[in-house]
Amino acid sequence: MRKSVLFLAMLCLCVVSGAWAEETIKVGYLAGITGDFAAYGQPEVNAVKLAAEEINAKGGVLGKKLEIVIYDYKSRPEDAVNAVRRLIDHDKVVAILGSASSGANIATAPLVNRAGIPQIGTLSTNPLVTVDEKGKVRPFMFRICFIDPYQGRLIGYFAAKELKKKKAAILYDVGSDYSQGLREYFTKSFTEYGGTIVADYGFRGGQDMDFRAQLTQIKATDAEILVLPNIGKDLALPIKQASELGMKDIIYVGGDGYGEFMVEIAGKALDGSYWMYHLARQDPAMKPFFDSYKAKYNDDCQEFAIAVLAYDSLYWLADSITRAGTAEPKAIRDALEATKELKLHHATLTMDPKTHNPLDKDAVVLTVQDGKSVFFKKIRPQ
Amino acid sequence: MKEVSHGLETFLQQVINGLSLGSVYALIAVGYSLVYSVLLFSNFAHGGFLVVGGYACYAALKVLGANIWVASAMSLVGAGIVAVVTERLAYKPIRERTNVTLYLLIASMGMSIVIENLFVIFVGGRFRALPPVIPTSPVSLFGLATTSAFDLLSLVASVVFLGALQIFLLRTKWGLAIRAAAYDLRTAGLMGVNVNLLVSIVFFVAGALAAVGGIFLSVRYTLYPQLGGITIKAFVAAVIGGLGSLPGAVVGSIILGLAEMLTAGFISSQLRDLVVFSLLVVTLLVKPSGLFGKNVSEKV
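Listed in order, the protein sequences are those of chains A and B. Numbering of the first sequence is given in my numbering, commencing with residue 1 and proceeding in unit increments. Numbering of the second sequence is given in my numbering, commencing with residue 1001 and proceeding in unit increments.
Bear in mind the hints are in silico, worked out from the structure with no lab data behind them. All C-beta atoms in this analysis are idealised placements derived from N, C-alpha and C, irrespective of residue type, glycine included. Errors might be hidden in some of the hints.
[As the list claims (entries may be wrong)] Dumping the calculated BS3-like pairs for lysine-lysine here, alpha-carbon to alpha-carbon at most 27 Å:
id	chain 1	residue 1	chain 2	residue 2
1	A	K268	B	K1062
2	A	K161	A	K372
3	A	K92	A	K330
4	A	K164	A	K361
5	A	K164	A	K65
6	A	K65	A	K248
7	B	K1092	A	K294
8	A	K361	A	K188
9	B	K1062	A	K372
10	A	K287	A	K343
11	A	K296	B	K1062
12	A	K248	A	K372
[Stated by the list, open to error] Partial pick of chain A residues on the chain B-facing surface, computed with a CB cut under 7 Å:
id	residue
13	P110
14	T191
15	G194
16	G205
17	M209
18	R212
19	Q214
20	A220
21	T221
22	K233
23	E244
Chain A on its own, in the form it takes in the complex:
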């Protein structure tokens, strides 16, 4: 008896999912709801759902509604691979959005290329996400954000030319592609501008939570700035601990790993730090997004960069499907690659077909005042 009930339930499920597949265009989304990037996970899920709702309310794409299939990749590459397999084989999605992690997207790149399903990384800034080691573009991998070399160069340029500092210390995560990439390109550009790296220490992200040993060594040098090419908690904790060690004159500079929730952890110590960023909350073009987000979720969307990039990724994809005139993955890929001067909410997007990176994206420098990030200036390194 119980067996037959189970069978019936499974049959119903199949029928339901089969019926859905005909009416909607299925898009996968890789979200880091748990694990190291958990603080960023909920906003991206909320934002992509919001975008889908808005697009569907206006009649969807090619007369069909978008259906978002969300999987938690637990901020781990191995789980991202499993999720992508499932999205392709089981859910039969036409494209995949996310993840925010370079490590995860580098791991899933061979899979989507083999299956011929386009994937758009939201915050995955490592060059190897869209281009392989030999410099050849990965045909089905795209990204909406700028890349680490550009970000590392931004930090180097900003520290040397805008802040006019000569001596830098670095505290980076040895286990992270992102952190290593930023460090490498920062070092290169900072020394080219005439700066010196006086201290360069590593830690193990996700495991080390005590940075006082490295900070004590850095304190003993004459470093003027401390470059933190890390993400979230691994940014906030060193800053908190540095202030507890009495390091009050050093200036903290970092990349897009900055998140507003860090203020809750590091408090006042964050004031006066600088972060190279994708967009600013104060941008008037973003106001409708923040208003609808607030109205729908009753939340201020603290982690707005990842949310906005997830949101605009779906708009980009919807535009590409419309231009392709079909929801066939290969046609979508061609349309994504041919994107030119597409006005999204946070920026105007043009794809470089040779690298699948956005061309000439302006970066924003944020600084923290009284626990809130504010727009400092827009930069493009020369």
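For chain A, the structure is supplied; the task is to place chain B on it using the hints.
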């Protein structure tokens, strides 16, 4: 000369860092050792009790608006009760059926995953910071080194709680019973000790100590469901000191804290875990029972 004094200052600073890290390890390691001394298994759900303590304190502060003393008391009691309930649900049925402690070990690993995931699902995975109830401002020690006021407090709290535990074990009737049980649980039972009540008390005390560690850890490193993962270091400290020995757990923790900080500061920050786990391997090779451990044939 200036170079030398500068070097000395940095060295002193690293020693203080090491002591303060070690003192928090000690609070957790003692809980491990206490359970081990009675039931002869390593309770890997201990990290879970720590997380419960941290969240209980957070909830009391944020939701109930309690002050830090009330919140800490609620946190200690809460984690203690969770520890007792965990024992009743997951370990007691096994304990009553078999003598093989390996099953208890496996059950504890399961419980640790269960507790972590309950928090992920019902509380959420994001990082939370306790309101600034414990001062973390920098304090200068005779102009030689700078430490956070918080480090001194955690050191003091560790000493107070470990002292209180020692008094409980040496001066009270139940302390005597626990010490007897640490020698031989069966015989203690035959002598009229209520074994189930005794085990519950041991878990309550271990849970409460974990909560103290949890409060300090969540102030220092923020609160999130995986915070309990840090207990792996405390476990290593307990093994180095000798599982089942409370002074051993404290000494092992201090050694580990110092080793970590001095390695990271003067050799390489990437080698710190390598050194920690090498210490563990060397201990197991040279003196498997740890620095202060009693000789037991089976160590799980």
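The hints, checked one at a time:
{"no.": "1", "hint": "A:K268 / B:K1062", "in the structure": "20 Å, holds"}
{"no.": "2", "hint": "A:K161 / A:K372", "in the structure": "25 Å, holds"}
{"no.": "3", "hint": "A:K92 / A:K330", "in the structure": "14 Å, holds"}
{"no.": "4", "hint": "A:K164 / A:K361", "in the structure": "24 Å, holds"}
{"no.": "5", "hint": "A:K164 / A:K65", "in the structure": "52 Å, violated"}
{"no.": "6", "hint": "A:K65 / A:K248", "in the structure": "54 Å, violated"}
{"no.": "7", "hint": "B:K1092 / A:K294", "in the structure": "49 Å, violated"}
{"no.": "8", "hint": "A:K361 / A:K188", "in the structure": "21 Å, holds"}
{"no.": "9", "hint": "B:K1062 / A:K372", "in the structure": "21 Å, holds"}
{"no.": "10", "hint": "A:K287 / A:K343", "in the structure": "15 Å, holds"}
{"no.": "11", "hint": "A:K296 / B:K1062", "in the structure": "25 Å, holds"}
{"no.": "12", "hint": "A:K248 / A:K372", "in the structure": "19 Å, holds"}
{"no.": "13", "hint": "P110", "in the structure": "29 Å, violated"}
{"no.": "14", "hint": "T191", "in the structure": "22 Å, violated"}
{"no.": "15", "hint": "G194", "in the structure": "27 Å, violated"}
{"no.": "16", "hint": "G205", "in the structure": "12 Å, violated"}
{"no.": "17", "hint": "M209", "in the structure": "4 Å, holds"}
{"no.": "18", "hint": "R212", "in the structure": "4 Å, holds"}
{"no.": "19", "hint": "Q214", "in the structure": "5 Å, holds"}
{"no.": "20", "hint": "A220", "in the structure": "5 Å, holds"}
{"no.": "21", "hint": "T221", "in the structure": "10 Å, violated"}
{"no.": "22", "hint": "K233", "in the structure": "6 Å, holds"}
{"no.": "23", "hint": "E244", "in the structure": "4 Å, holds"}
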